[in-house]
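Q: Sequence:
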Amino acid sequence: MSQVPTLSSLPSIRSQRSHLHHQPLKGDVRTVPFRLHPEPRNKKQKSEFPTNYVRTAKYTFYSFLFINLFEQFSRIANLYFLFIAALQLIPQLSPTHWITTIAPLVFVLSINAAKEIYDDYYRHKSDGEVNNREVDVLVVGSRPVRSKWRDLRVGDIVKVVRDQEFPADLLFLSSPDDDGLCWVETANLDGETNLKLKNCYPASKACQQAEQLAKELGGKRLECECPNEKLYQFEGAVVGSREEGLDASNLLLRGSTLRKTEWIIGAVVFSGEHTKIRRNQSAAPRKVTQLERHMNMLVLVVFAVQILFSAGGAIGRDIWLRQHNGDYYLEGTSGWPEFGPGVEGTLVTFLRFVILINVMIPISLYVTLEVVKVAQCLFLNWDLEMYHEDTDTPFQCRTTTLNEDLGQVEYVLSDKTGTLTQNVMGFVWASIGGHLYGRDSRDVAGDLNPAKGVKLDTPHSIALDPNLRTSIERRSSRRPQKERGGVDTATGDFFFHLAVCNTVVPSAGDDNEPVYQAESPDEEALVKGARYLGYVLMARSVDAVQLEVLGQRVDLKVLAVLEFNSARKRMSIICRLPNGKIRLYCKGADTVIMARLGDRKQNRHATCDHLNEMASAGLRTLVVAYRDLSEDLFNEWYDKYHKASVSLVQREAKVEEAADAIERNLVLLGATAVEDKLQEGVPETIDRLSRAGIKVWMLTGDKLETAVSISHSCSLFQPGMKLVFLREEDFSDTTMAKAALAQAREDVIRLTVEQRRVGLTTAVGLVVDGGALAVVLKVKFQDEFLSMCKQCRAVVCCRVSPLQKAQVTNLVKCKAGAIALGIGDGANDVGMIQSAHIGVGISGREGRAAVLASDFSMAQFRFLSRLLLVHGRWSYRRNTEVVMYAFYKNFAYVMANVYLNYFISGFSTQPMYNAALIATYNAFWTSLPTIAYAILEKDVQAETMMATPELYMEAMRSDWRSFFRSLSSWLFYALVHSIIVFLWPMYALVWPEPDGKLLGLNAAGVAVYTAVIITVNLKVAVRTHHWTALNALVIWGISIGMWFPFMYVCSLLWQWWEVLPDMAGVAQRLFSVPAFWLSAVIGAPMFSILLDFSMMAFEDQFRPSDTRIFQEREQKHGISGGMQEATSTTTAGLFDARHPGDSGSPLPRDAALP
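First residue of the sequence shown? That's 1 in my numbering, and the numbers climb one at a time after it.
Note that these hints are calculated values from the structure, not bench results. Please note that a few of the clues may not be correct.
[As the list claims (entries may be wrong)] Calculated lysine-lysine pairs in the DSS-like style (CA-CA distance at most 27 angstroms, straight line): (1) LYS780 to LYS790; (2) LYS790 to LYS287; (3) LYS654 to LYS569; (4) LYS780 to LYS230.
Note that the structure is a prediction, hence the values are computed from the model and not measured.
Can you build the whole structure from these sequences, using the hints too?
A: Below, the structure written as structure tokens:
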């Protein structure tokens, strides 16, 4: 049962009692004057309150450059390249031109800045639209003044009309409703789409003109709490001749919309940045992916390697100079920056080497990753397999930074209601007076005429029970009460209770049938079930409820409503019946209501048995009870309750204390059972996730038996799985808790061993109730509890609060050493979603709060398997390859500078490549192929991964060790390739041409550069499994094909415009030399890639990965050759054939196809 809004005690009741004087608010108090008289509005005049201007934009025109650059240089890589650029600007120090670092750095910074400007432009546009909206401000002596939202001040009296948003947080003063009510939609605040009822300040409810308000509010002021983020709490009082307490029901929040009410008048209490919606719009915590953490470590490692090379070059230069100090060609070279042997020369050489080989750290990596992640998210959004046609809801990426983490999820922590289930409630069973109704209603109802307005396929199948209908029909007869059995009376009281005790608001629909606006699907189901059986809720206001009971109108006076919340787990309504009696109706969780029953034991045991049966069937249960109150008892209690409800100090605690006092000595009426059916595909999805090695935990507020039943039906608990329970009664003190936890862990280990001994792989499940969970989440028990959970295939936590959901998620996130995904659909799941590494929101019936807090959103839980197993796995493999390739290509390229200086030029820091080649290497010749690869590559098809979830384990089990093992392999290939592409062209072109001329270092550098470009692009081609036209275009047509025209044009630029002297005539000479084509274009690249082919063939033959096996099968048999038809049992058996007990181990090559 969801939290419902408070319907305060009746205005009529309030008016009958004298208002109490109270102490003023203690602590910080905001005093708000009521501004009804025209005042000059000087914008420069300082005020103790902020203006109503709000800004969501991140930058201003003046701050953009400073803030954006500060944020970009907070990245260690950007700061590193800024340092290199600064060194290059020192005269004569740099061996390369400053443009080689400045140009790529400016390009990278510009791309990010352009993206930020684009995003912030729309924020500014939205801010302008909101701040320039207009509203009427009431002033005495004139017509309402149209004022822009941004110009409103605290204390202004404004008039808001129907379907408009409230411009600030307003004290509700009046409306056209006689009771001073209005309806508000708060979807923008909490995601809940149902309408909420608000009450005006009673003294001003009849005031509709400025003059009337001035008369009523003259000499008064509002004292209230200071601005805070609590949406559902407000404490204040209008202070004047007397004080009257105000609460959240009197406050209209900015961001909410006026509905079904023509207009309201309100006073601005909180403006601008002080409004509650702005106080709640703190930035979500930044989530960093595991790959990003590895990248940061990698940058430091590569920087250390660079320092070693630079130090080696500096020391080598010092030694070389000492050996050749007397050579004639070195005479006259002393002085800046060419120092001789010694500390100065060694330091200068060290810095020059740092500049020379700075591209070991790829400057384009971060931009490349941002581009590919955005593109990957677009493909996610466009995936029709994750589009829900019934609700027209596509998948939505709400962040572009977490793609690769989707491929490494090890824990899924899921809500139940609305996430695993449909959140479409049906009232199916009822326990009334010790009799259980509805259990077999669908089986026997086919031969009967359904009740009026009830279809045989109704979800509220309780209305189809013939015995129950007969009982109600007997009650509706005109026989005297004494001739009717006791069951009939109990049945009538039961459904009368359900029709009254709720906060459902009916409105007129088609054919004069009421349409119900319910706070929760549970309440709507109970009210509709009662309606189908003749107990129809017709109308509701603050002080009255109108029913139609078996065709006769019944009017009730509402005296008080005691609201539901997750702590109380119950709600009550006190009414005056038509016969003048006062009765309290109460419903709530079984544990709460049963503890509040009086001495009468009638039907208690039978009801408890029925509750257990309901829970075992996976149904949601509530217990209903009542209490008759005498006039004196009610008056005495109401004085205390009213005093508590208007208290300005600890109001909530006092109201709870008063409610607790009256909700006792209850008389049991029975229990309700509501069915929430599983969503389509949930069991299959959980089965796939389990086969992929992902552990699914269910966190639910339902009772233990219901949670266990649902877990079985959704395949979370598999057939034959042994269960271990942690119950509240075993954790009443520390000693018992330690013993219970130790025993449970021992049971888990024992049962796991027993399961494996008999060849079962179903493992063990753990069930924890909320009381036990509160204990094991304490710091001293966390490690032991989590260690036990890791040994379980599935964990179910029941009776949990929203806070506990977040605590469990934090525990897994921080201590399990694995990626945790939280998924839910309601506002009570927001903490869990934000605490997880990845938060997924389900767009359902409980509003959009979960979606708004999430990183990814979808319409159905079943889409989670495709998100993780397909897109998550693809993204992880693609993005990891992008990182590896970025360092590979830069190592293969820059090592030529090391070889040249270490072995040929005497450590002189002579660059191998000229400025044009250095500046364009990453941007033009090596980026596009890796971007296309990261967007389009499919190592195996989606159908294969959905049929074989075990493939997911390859990515999921990757950690920093495997990451750096893979990096070592890539850098090994980079080292070997760099040696080949350096030596082959250098030695092929060292011989004089027929005219006796040597090509020179510039031409040799271009030849080596050509070999590097072709080799690193062939590397991408070799690793591409899924070819598209775009892959072919960027590799063969652009990165390789366009290089030769580019080289030719650069060779002519000196002749045309006297730029790039190092390239003058180089292309013409190289193109005419066969050795260039045979060595740089064909020989070195082909020989380098031949090494890759050889190693790939060796691995495929002797240690093939799971992926390679399925790639071969796809090539041999095609997707239709069995992958789509693979069954869970067959595919899991293939994995077990090679590694028993580990469904994710590599497959044998000769295993039979599914």
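Q: Now tell me if each hint is right for this structure.
A: A quick look at each hint next to the structure:
1. Taken as a hint, the LYS780 and LYS790 pair is honoured in the structure, with Cα atoms around 17 angstroms apart against an allowance of 27 angstroms.
2. Proposed proximity of LYS790 and LYS287 is supported: the alpha carbons are some 24 angstroms apart, at most 27 angstroms.
3. Straight-line distance between C-alpha atoms of LYS654 and LYS569 comes to about 17 angstroms, which keeps the hinted pair within the 27 angstroms bound.
4. The straight-line distance between the Cα atoms of LYS780 and LYS230 is roughly 32 angstroms, outside the 27 angstroms bound, and the hint therefore fails.
In the structure shown, a violation is registered for the earlier hint numbered 4 alone.
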